[in-house]
Amino acid sequence: GESVGLHLPTLSVQEGDNSIINCAYSNSASDYFIWYKQESGKGPQFIIDIRSNMDKRQGQRVTVLLNKTVKHLSLQIAATQPGDSAVYFCAENYGQNFVFGPGTRLSVLP
Amino acid sequence: DTAVSQTPKYLVTQMGNDKSIKCEQNLGHDTMYWYKQDSKKFLKIMFSYNNKELIINETVPNRFSPKSPDKAHLNLHINSLELGDSAVYFCASSYPGTGYEKLFFGSGTQLSVL
Chain F
4 GESVGLHLPT
14 LSVQEGDNSI
24 INCAYSNSAS
34 DYFIWYKQES
44 GKGPQFIIDI
54 RSNMDKRQGQ
64 RVTVLLNKTV
74 KHLSLQIAAT
84 QPGDSAVYFC
94 AENYGQNFVF
104 GPGTRLSVLP
Chain E
161 DTAVSQTPKY
171 LVTQMGNDKS
181 IKCEQNLGHD
191 TMYWYKQDSK
201 KFLKIMFSYN
211 NKELIINETV
221 PNRFSPKSPD
231 KAHLNLHINS
241 LELGDSAVYF
251 CASSYPGTGY
261 EKLFFGSGTQ
271 LSVL
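Heads up: the sequence lines are chains F and E, in that order.
If you count by my numbering, then the first sequence holds residues 4 to 113, one letter each, in order.
If you count by my numbering, then the second sequence holds residues 161 to 274, one letter each, in order.
Honestly, the hints are just simulated from the structure, not real lab data.
None of these values were measured; they are calculated from a predicted model.
The reader is advised that the hints may include incorrect statements.
To be verified - Calculated cross-link-like contacts (lysine to aspartate or glutamate; reagent style EDC-like; alpha-carbon spacing at most 16 Å):
#1 E:227 / E:261
#2 E:200 / F:42
#3 F:45 / E:261
#4 E:204 / E:218
#5 E:196 / E:242
#6 E:231 / E:190
#7 E:262 / E:218
#8 E:212 / E:230
#9 E:201 / F:42
#10 E:212 / E:184
#11 E:179 / E:230
#12 E:262 / F:52
#13 E:262 / F:34
#14 F:71 / F:34
#15 E:182 / E:230
What the hints assert, rightly or not - Now the in silico label distances, taken between C-beta atoms and shown as ranges:
#16 F:82 / E:175: 46 to 52 Å
#17 E:177 / F:59: 49 to 55 Å
#18 F:32 / E:274: 41 to 47 Å
#19 E:222 / F:113: 24 to 30 Å
#20 F:98 / E:243: 45 to 51 Å
Glycine included, every Cβ here is placed at the ideal spot set by N, Cα and C.
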């Protein structure tokens with residue numbers, strides 16, 4: 004079936020730097036995408052979403068970019084903080100369902 | 161105040177046993193889900209219920225049986241537990257369940273089958 008994948012399974016960044024987490028999706032019919040953050044021992048938590056009629060959406064310190072031509076999604080975190088350390092998932096809609104990518108672990112170095 | 165709550169948090173049991181995981185949401189959502197997260201953090205949907213009606217039933221062994229007594233509850237019963245069932249199980253909910261809204265997840269149930 005269709006799947007969502009990530010280029011980098013782990014990412015280490017210095018505190019204060021910007022982080023970029025990438026995601027490749029394969030279902031060209033998907034038109035809604037979400038980024039989730041999962042901290043240790045907790046469930047995934049919504050960060051930001053984007054519809055396919057947009058190519059960029061900004062939140063507080065986070066920006067999601069969507070490139071439908073190459074089926075690529077990215078999450079940018081500005082001024083990364085220790086509290087940003089977590090596993091990040093992209094998800095694409097697939098009918099009434101969501102398909103999740105395998106996740107990227109973000110480690111913030113002091 | 162917890163939006164999606166599931167119990168127990170941890171479940172350790174022997175192979176062959178039958179166990180249940182309970183989930184409740186107080187968000188008034190119509191749609192509830194069960195997801196399985198394996199040791200590599202991969203999240204995969206198992207079931208989806210909309211207003212007590214089964215909507216999605218992915219390829220899951222029939223030892224897994226979801227039960228929705230009302231739209232605020234979705235329980236997961238597992239018969240004859242196997243080693244490969246060890247994982248973290250997440251309950252989630254959304255409104256209205258069309259695939260264009262975010263999911264609210266519970267904190268997970270870590271199931272260990274010995």
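Outcome of the hint check:
The straight-line distance between the Cα atoms of residue 227 of chain E and residue 261 of chain E is roughly 23 Å, outside the 16 Å bound, and the hint therefore fails. Of the supplied pair hints, the one linking residue 200 of chain E and residue 42 of chain F holds, its CA atoms being roughly 14 Å apart against a limit of 16 Å. At roughly 20 Å between alpha-carbon atoms, residue 45 of chain F and residue 261 of chain E are farther apart than 16 Å, so this suggested pair is violated. Annotation: proposed proximity of residue 204 of chain E to residue 218 of chain E holds, straight-line Cα distance about 9 Å (limit 16 Å).
As the CA atoms of residue 196 of chain E and residue 242 of chain E are separated by approximately 15 Å, the hinted pair is consistent with the 16 Å bound. Between residue 231 of chain E and residue 190 of chain E the CA atoms are separated by roughly 6 Å; this keeps the pair inside 16 Å, and the hint holds. In summary, the hint linking residue 262 of chain E to residue 218 of chain E is not supported, as the alpha carbons are separated by about 20 Å, beyond the 16 Å threshold. A distance of roughly 6 Å separates the Cα atoms of residue 212 of chain E and residue 230 of chain E; the hinted pair therefore holds under the 16 Å criterion.
Simply put, residue 201 of chain E and residue 42 of chain F have alpha-carbon atoms about 12 Å apart, close enough for the 16 Å limit, and the pair holds. With a C-alpha separation of about 13 Å, the suggested pair residue 212 of chain E and residue 184 of chain E falls inside the 16 Å cut-off, and the hint holds. The straight-line distance between the Cα atoms of residue 179 of chain E and residue 230 of chain E is roughly 20 Å, outside the 16 Å bound, and the hint therefore fails. Proximity of residue 262 of chain E to residue 52 of chain F is assessed by CA-CA distance (about 8 Å); at most 16 Å being required, the pair is judged to hold.
The hinted pair formed by residue 262 of chain E and residue 34 of chain F meets the criterion: a straight-line CA distance of about 14 Å does not exceed 16 Å. Distance check on the hinted pair: residue 71 of chain F and residue 34 of chain F sit about 9 Å apart at the alpha-carbon level, within 16 Å; holds. Taking the CA atoms of residue 182 of chain E and residue 230 of chain E, the gap is about 13 Å. The hint holds against a cut of 16 Å. Taken as a hint, the range 46 to 52 Å holds for the pair residue 82 of chain F and residue 175 of chain E, whose Cβ atoms sit roughly 48 Å apart.
Under the hint 49 to 55 Å, the C-beta atoms of residue 177 of chain E and residue 59 of chain F, about 50 Å apart, fit the expected range. The supplied range of 41 to 47 Å is met by residue 32 of chain F and residue 274 of chain E, whose beta-carbon atoms lie about 42 Å from each other. Taken as a hint, the range 24 to 30 Å is violated for the pair residue 222 of chain E and residue 113 of chain F, whose Cβ atoms sit roughly 50 Å apart. The hinted range of 45 to 51 Å is not satisfied by residue 98 of chain F and residue 243 of chain E, whose Cβ atoms lie roughly 32 Å apart.
Against the hints set out earlier in the document, violations occur for numbers 1, 3, 7, 11, 19, 20.
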